[in-house]
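Peer 1: Starting from the known structure of chain A, arrange chain B on it as the hints suggest.
Protein chains: 2
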Amino acid sequence: MADDTFYMKQALAEAEKASARGEVPVGAVVVCQGRIIARAHNLTETLNDVTAHAEMQAITAAENALGAKYLNDCALYVTVEPCVMCAGAIAWAQLGKLVFGTEDEKRGYMRYAPAALHPKTEVVQGILKDECAGLMKEFFRRRR
Amino acid sequence: MADDTFYMKQALAEAEKASARGEVPVGAVVVCQGRIIARAHNLTETLNDVTAHAEMQAITAAENALGAKYLNDCALYVTVEPCVMCAGAIAWAQLGKLVFGTEDEKRGYMRYAPAALHPKTEVVQGILKDECAGLMKEFFRRRR
Numbered sequence: 001m002a003d004d005t006f007y008m009k010q011a012l013a014e015a016e017k018a019s020a021r022g023e024v025p026v027g028a029v030v031v032c033q034g035r036i037i038a039r040a041h042n043l044t045e046t047l048n049d050v051t052a053h054a055e056m057q058a059i060t061a062a063e064n065a066l067g068a069k070y071l072n073d074c075a076l077y078v079t080v081e082p083c084v085m086c087a088g089a090i091a092w093a094q095l096g097k098l099v100f101g102t103e104d105e106k107r108g109y110m111r112y113a114p115a116a117l118h119p120k121t122e123v124v125q126g127i128l129k130d131e132c133a134g135l136m137k138e139f140f141r142r143r144r
Numbered sequence: 001m002a003d004d005t006f007y008m009k010q011a012l013a014e015a016e017k018a019s020a021r022g023e024v025p026v027g028a029v030v031v032c033q034g035r036i037i038a039r040a041h042n043l044t045e046t047l048n049d050v051t052a053h054a055e056m057q058a059i060t061a062a063e064n065a066l067g068a069k070y071l072n073d074c075a076l077y078v079t080v081e082p083c084v085m086c087a088g089a090i091a092w093a094q095l096g097k098l099v100f101g102t103e104d105e106k107r108g109y110m111r112y113a114p115a116a117l118h119p120k121t122e123v124v125q126g127i128l129k130d131e132c133a134g135l136m137k138e139f140f141r142r143r144r
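Note that the protein sequences, when read in sequence, are chains A and B. Note that full-length UniProt numbering has the first sequence beginning at 1, numbered continuously upward. Note that full-length UniProt numbering has the second sequence beginning at 1, numbered continuously upward.
Next comes chain A alone, as it looks inside the complex:
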């Protein structure tokens, strides 16, 4: 739990980088045996690419770092509940653990694809929830 909070803070720092670029503030890190092997934040606007979610980039980077397609021994920390696309990627990568901060009632995978994840993936939610949700609320309040 202390570890989960520590790594979620790192994901939050990534989300803040997204926010500073005018991107929807979502950040992610991948942790493998106590080491952060990938950090990423949402870049969909910057890259004009809907696939450039924080989680997708973090998974690609982690697999590249390990030279392996599967991330069974890794945990993905992401500030917001993954969407259907990212949940699908998390499933293909067979992530050992998924930790997310705040729910996404509109676009989150739990609504559209509740069985999308690999059955062995442990899911923890609500870590630094208020901070993660606060970044999103502030971003959308400013855009209005």
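Careful, some of the hints might be misleading.
Facing chain A, a subset of chain B residues (Cβ under 10 Å, in silico) [unchecked claim]:
(1) C32
(2) K69
(3) L71
(4) A133
Source of the hints: derived by calculation from the structure; they are not laboratory data. Because the structure is a prediction, the values reported are computed rather than measured. Where a beta carbon is used, it is the ideal one built from N, C-alpha and C, also for glycine.
Peer 2: Showing chain B alone in chain A's frame:
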């Protein structure tokens, strides 16, 4: 329909390239106003990247070609029913039309996330179904 068959043949040619590399044979093209603006085939093994499905690469390439995040005026042709991840990406890109060849009963989005696509995306299935399915069957038969 004649057009659908023509473009699916182009997707099949991509799938054959995947097969020749030892990749699960799935190919895709994106068509915008009668022009093919992106071609891609599955590269998950080559790149050690679970996100490198044909559809994902084709969407990224098409958005790059257009300099736009949305593909409302485009059609994606893919030889096999998209998985949950790819369906999520197709939804984010708001593709005007999705055409796929053969169903994927095990991993297809229709089973896990039937409501994942954007409501405005027209879906056509079964174009060159036997050819698309045949490539997959032949690939897995050889691997056994």
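Peer 1: Evaluate each hint against the coordinates.
Peer 2: Quick rundown of the hints versus the structure:
| no. | hint | verdict |
| --- | --- | --- |
| 1 | C32 | violated (15 Å) |
| 2 | K69 | holds (5 Å) |
| 3 | L71 | holds (9 Å) |
| 4 | A133 | violated (21 Å) |
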